[in-house]
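Visitor: Residue strings, one per chain:
Protein chains: 2
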Amino acid sequence: MRAKITRYEQVSRRIRHLIENGALKEGDRLPSLRQMSEEMQVSINTVKEAYWRLENQYHITAVPQSGYYVRKQPQLSQAHAPVDPTQLDPQEISLCQIFGAFQDVGKSTPEIRLAVAHMDPDFWPAKKLSRYFQEAALYQPEEAFTYLIAPGSRELREQIAQQGLSCGLDISPDDIVITNGCQEAIFLALMTICEPGDTVVMESPIYFSLIDLLRQLKLKIIEIPTSDDDGISLETLRFVLDNHTVKAMFSIPNFNNPMGFTMPSWKKKKLVNLLARRGVPLIEDDIYGDLCFGPRPEPCKVYDAKGEVLLCSSFSKTIAPGLRVGWMLPGKYADQVNRLKTLINISNSPINQMVAARFLKEGGYRKHMRRVRQQLQVQVEALRASVLKYFPSGTKVTRPDGGLFVWIELPDGLDADLLYRKAVQAGILFAPGTLFSIHNRYHHHLRLSSGTWNERVEKAIAHLGRLCARMRNGRTDDRVSRLAVG
Amino acid sequence: MRAKITRYEQVSRRIRHLIENGALKEGDRLPSLRQMSEEMQVSINTVKEAYWRLENQYHITAVPQSGYYVRKQPQLSQAHAPVDPTQLDPQEISLCQIFGAFQDVGKSTPEIRLAVAHMDPDFWPAKKLSRYFQEAALYQPEEAFTYLIAPGSRELREQIAQQGLSCGLDISPDDIVITNGCQEAIFLALMTICEPGDTVVMESPIYFSLIDLLRQLKLKIIEIPTSDDDGISLETLRFVLDNHTVKAMFSIPNFNNPMGFTMPSWKKKKLVNLLARRGVPLIEDDIYGDLCFGPRPEPCKVYDAKGEVLLCSSFSKTIAPGLRVGWMLPGKYADQVNRLKTLINISNSPINQMVAARFLKEGGYRKHMRRVRQQLQVQVEALRASVLKYFPSGTKVTRPDGGLFVWIELPDGLDADLLYRKAVQAGILFAPGTLFSIHNRYHHHLRLSSGTWNERVEKAIAHLGRLCARMRNGRTDDRVSRLAVG
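Quick note, the sequences are listed as chains A and B, same order. The opening position of the first sequence corresponds to residue 3 in this note's numbering, with each subsequent residue numbered one higher. The opening position of the second sequence corresponds to residue 3 in this note's numbering, with each subsequent residue numbered one higher.
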C-alpha cells in the first residue's frame with residue numbers, strides 16, 4: 003500500500019512551519035506555484051493541492067492575479083490541553099450525569115437538532131434508492147431475500163475495494179467484511195481484540211456513544227490529549243504505552259468527531275508504526291473520510307504493513323444512515339471477525355447491500371458525493387459565520403476540512419452544560435462537551451452539527467448566542483422563553 | 003396473559019395417557035366427540051381440535067362415517083436417552099471436529115442443500131415486498147433512511163403485538179424490541195444476562211450455531227436429555243438446578259430445531275414456574291412457532307408472570323430470511339436490551355421494518371401463512387415418506403406438527419458422520435447429528451430440512467438411502483459416484 007498524497011502534505015507542512023516559526027507573517031506573499039514546485043521538486047499540481055488545502059484551513063488566502071497570502075491564523079488553540087497525569091492511568095468507565103438525560107431528550111425530538119450526526123434528509127438519494135430496491139426485489143428475489151453470511155455481498159465488496167483507490171487503499175474484495183453500519187464494525191473489532199478489563203487508548207475528546215460502548219464491554223480507557231489541529235499527542239501516547247498494558251487504540255483520524263481535525267500523513271504513518279512496534283492494534287473509524295471538502299485524506303490503514311489496523315466505515319454519512327451498510331477491513335483478524343459477525347446476527351439485509359453496490363457501480367455515488375461535499379462545505383461555513391456573529395466575542399470555533407461538526411470553546415469559562423439545559427428548554431438540542439470524556443472535562447465546549455442549514459437553524463444559533471450573553475451577564479436564572487422558530 | 007389452548011391439550015393428554023397406559027390399544031375406537039365433550043366438560047370444537055392434533059401426531063386416525071381409532075404408535079423412541087451423569091456438570095465448549103468442515107462446505111453451495119433452515123425461495127412474497135420497498139423509499143424517504151434506534155418501528159411493533167394474540171400473547175408494542183433477526187435477539191439476551199464463565203442449560207440435541215455462539219461468549223453449557231415427543235426432562239433439569247449455579251436456560255419449545263417436538267402446555271407452564279422459583283431467566287426461541295400445521299402452539303412466554311422469559315423470534319422462517327427483521331420480548335430486561343441493541347449497531351434498516359409492518363397490516367401475512375403452512379406440511383410428509391421408502395428398514399423419523407425439520411435415527415448403529423462425508427462427495431449437504439451436541443453424541447442421527455421438496459430432493463434422499471445400504475453391507479470404502487441430478 004502506498005500513500006499517494008504525502009507529497010502535497012510535505013509542501014503544506016513546510017509552509018505551515020514557516021508560518022509557525024514566524025518566517026511567514028500575516029499578509030506575506032507565499033512563493034509562487036512554479037517557485038515552490040522547483041524548490042521542493044514536486045509538480046505544480048502538487049503545490050496547487052497543498053495551497054488549496056492551506057487555503058481551506060484558513061492559513062492562506064488566494065488573491066486573483068496576484069498570488070497566495072498568509073492570513074490571520076486560526077483562532078482555536080493548537081496546543082494540547084494540559085492533562086492531569088493521574089488521568090493517564092486506565093480508568094473504569096462511569097458515564098457523566100448528563101448522559102442519560104441527553105439520550106432521553108434525543109428520543110423526544112426537540113425542534114432544532116444540532117446534535118444529529120448526519121446530513122439533511124434532502125440529500126439522501128431516495129428516488130434512485132427506491133428504484134434499486136424495487137428492481138432488486140423483483141428481478142433478483144433469491145439474492146435479495148436469502149441469508150447472506152459474512153463477509154457479505156461480493157459485488158458490494160468489489161465496489162468498496164475500487165472506491166478505496168481514491169484514498170490510496172490498495173485492497174481486494176476479500177479484505178472486506180460488510181457490517182450493519184460502522185458502529186457494528188467497531189463493536190466487532192472490540193469484541194475480537196479485547197476482553198473485559200482490558201484497556202483501550204483514544205483521542206480526547208471522543209464521541210460519547212463510543213464511551214458507552216466501551217463501558218458496556220467492561221473495558222477501561224485512557225484518553226490521550228489531542229490537538230484540534232493535527233490530532234493525538236504521540237509523545238503522551240508513547241508515555242502511556244511505556245507504562246501500561248494497552249490492548250488497542252481507537253482513532254478517528256479524518257474529520258474527527260468532535261474536533262474536526264485531520265491527522266497529517268506523517269503523523270498517521272508515525273502512529274501506525276509506533277503501535278505496530280508495540281503490537282497494539284489500531285481500530286480506525288474512517289466514517290467521515292469521504293466528506294472531504296478538498297482532496298480525500300488517506301486512512302491510517304494505508305500505512306498498515308502488518309494487518310494490525312482494523313478500518314471501520316459505512317455509507318451512513320454519505321448515502322443515508324438508515325441504509326445500514328457499513329464495512330470493516332479487519333486485516334489479520336479477518337477469520338475471527340467473519341465468524342463473530344455470523345454469530346451475532348448471521349447476515350445483514352442483502353437487498354440493502356445490492357442497492358448500495360448498484361449506487362456505487364452505476365456512477366451515482368461519485369456525482370452524489372460531489373454535490374454533498376460542496377453543500378456541506380457551504381453549510382459548515384455558514385454555521386461558523388453564524389456562531390462567530392451571534393456568540394460572545396472570544397468564542398473559538400474549529401475550521402474542519404470535511405465532516406459534519408464544529409467544536410466550539412466558549413469564552414470566559416461560560417458553562418456549556420448550563421447552556422445545554424437552557425437550550426433544551428427552548429427546543430434546541432446540541433452535544434455539550436462534557437459528554438466527550440469520562441474525566442469531567444470540556445465544560446466550556448460544545449459540538450454543533452453542520453448537517454442541516456436553514457433559517458430555523460440560524461435562528462437557533464442566534465438564540466444560543468443570546469443565552470450565552472445572558473449567562474455572561476449573570477442573568478443565568480432568567481426564565482428562558484421557548485424559541486419561536488419556523 | 004392466558005393460555006387459550008390449554009383445554010384441548012388437556013383432552014389430548016388424556017387420550018395419550020390412555021394409549022400409553024395400554025387402556026387404548028392399536029385399533030381401538032376413541033370416545034365420540036360428543037361423549038368426550040360431556041365427559042371432560044369442554045366444547046365439541048375443543049375435542050375436535052384435540053383429535054385433529056392427535057391425528058396429526060399419528061397417534062390416532064379418522065375413519066369417515068365411523069370415528070377415530072388408535073394407530074400403531076410413532077416409531078421413534080419417546081424415552082429420554084440415557085445420560086452419563088458427569089455430562090450434567092457445566093462444560094466448557096469445544097466444537098466437534100466436523101463443525102468447521104460443515105461450515106466450509108455450506109459456503110461452497112453443494113447441489114442439494116438439505117441442511118438449509120428456511121423454506122424454498124419460491125414461497126417468498128417477492129413481488130409484494132418489491133412494491134412495498136419501492137413505495138416506502140419513494141413516499142416516506144425520511145422514515146425509510148434515517149437512524150431508527152431501539153426499540154425500532156412503532157408500526158411494526160403494533161403489528162407484532164396484534165399477531166401475538168393468535169398464540170395467546172397479550173402484549174403491547176412497548177414490550178417489543180426489533181432486532182436484526184432472531185439470532186441477534188438471542189445474542190442480545192445472552193449478552194444481557196450472562197458473563198463469561200456462566201452456565202446456560204438447554205435441550206439436547208440443540209442446533210449448532212447456538213453452541214458456537216455460546217462458545218464465542220465463553221459460556222459453559224449443560225445439555226439436558228430431551229424427548230422427541232414432548233421436550234426436556236424436567237426431573238433432570240431440577241436435578242441440575244439443585245446442583246449447579248445456572249444463569250439462564252435456552253429452549254425452543256415449539257417445533258424444536260432439530261427434533262421437531264412441541265412441548266405440551268402443561269410442561270411449558272411447569273418449566274416457566276420451575277425456573278421462576280429459582281430466578282433463572284428463560285431465553286425462548288419461538289422462530290418456528292408460526293409454521294404450525296394445526297393450531298398455533300403458545301410460547302412459554304404466556305406463562306411468564308415475572309418478566310423472566312425473553313422470547314426471541316423473527317420473520318426469517320415465515321416471510322424471508324434476508325428481510326432481517328426479528329424481535330424480542332425482553333420482559334424485565336427491556337432497558338438493558340434496548341441500550342445494548344443501540345450500542346452494537348445503532349439501528350436496523352428502517353425500510354425493512356416498514357415493509358414487514360405493511361405486509362402484516364394489509365393482510366398479506368395471514369393469507370401467505372395459510373399457504374406456507376399447507377405446503378410445508380405436504381413437504382414434511384413427502385420427505386418422511388421418502389426417507390421411510392429409501393432408507394434401510396428400522397430407520398426412525400420424527401413426525402413434527404410444524405417447522406422445517408425431520409430428525410432421523412439410523413438403524414443398526416449406522417454412522418451418520420460417515421454418511422455425511424459420502425453425501426458431501428455426492429453434492430448433498432445435510433446436518434449430521436454430531437453437530438448438535440458438545441458430548442460426542444448423536445452419531446447415528448441426522449437432521450433433514452423439509453423447506454424444499456422437488457424431484458431433485460427426492461433423488462437425493464434415494465441416493466442417501468443407497469449410501470446407507472452400502473455402508474450396512476460393509477462396502478463403506480466404495481468409491482462414491484457423484485449423484486446425477488436435475
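Everything labelled a hint here was simulated from the structure, so no lab data went into it. Among the clues, some could well be false.
The list treats identical chains as one, so a pair stands whether inside a single copy or across any two.
Distance condition first, Cα-Cα at most 25 Å in a straight line; then the derived PhoX-like pairs of lysine-lysine [said to hold, decoys possible]:
(1) Lys391 with Lys424
(2) Lys369 with Lys308
(3) Lys249 with Lys220
(4) Lys109 with Lys334
(5) Lys269 with Lys424
(6) Lys334 with Lys391
(7) Lys398 with Lys461
(8) Lys461 with Lys249
(9) Lys269 with Lys220
(10) Lys363 with Lys398
Visitor: All hints are to be evaluated individually against the structure, with a verdict given for each.
Guide: Cross-check of the supplied hints:
Taking the shortest Cα distances, Lys391 and Lys424 sit within 25 Å of each other inside one copy (20 Å), while across copies they are farther apart (77 Å). Taking identical chains as interchangeable, the C-alpha atoms of Lys369 and Lys308 are never at most 25 Å apart, the minima being 35 Å within one chain and 55 Å between chains. Taking CA atoms no more than 25 Å apart as the test, Lys249 paired with Lys220 passes in both settings, with 13 Å inside one copy and 19 Å between copies. Proximity of Lys109 to Lys334 under the C-alpha cut-off of 25 Å is restricted to the inter-copy arrangement: shortest distance 21 Å between copies versus 39 Å within a copy.
In the homo-oligomer, the alpha carbons of Lys269 and Lys424 never lie at most 25 Å apart, since the shortest distance is 40 Å inside one protomer and 57 Å across protomers. Taking the shortest Cα distances, Lys334 and Lys391 never come within 25 Å of each other, neither inside one copy (50 Å) nor across copies (50 Å). Only within a single protomer do Lys398 and Lys461 lie at most 25 Å apart by alpha-carbon distance; the minimum there is 20 Å, versus 75 Å between protomers. In this assembly of identical chains, Lys461 and Lys249 lie within 25 Å of each other by CA distance neither inside one copy nor across copies; the values are 46 Å within and 54 Å between.
Within a single copy, Lys269 and Lys220 get their C-alpha atoms no closer than 30 Å, and across copies no closer than 38 Å, so neither meets the 25 Å cut-off. Proximity of Lys363 and Lys398 under a CA criterion of 25 Å is satisfied in neither setting, with 42 Å inside one chain copy and 52 Å between copies.
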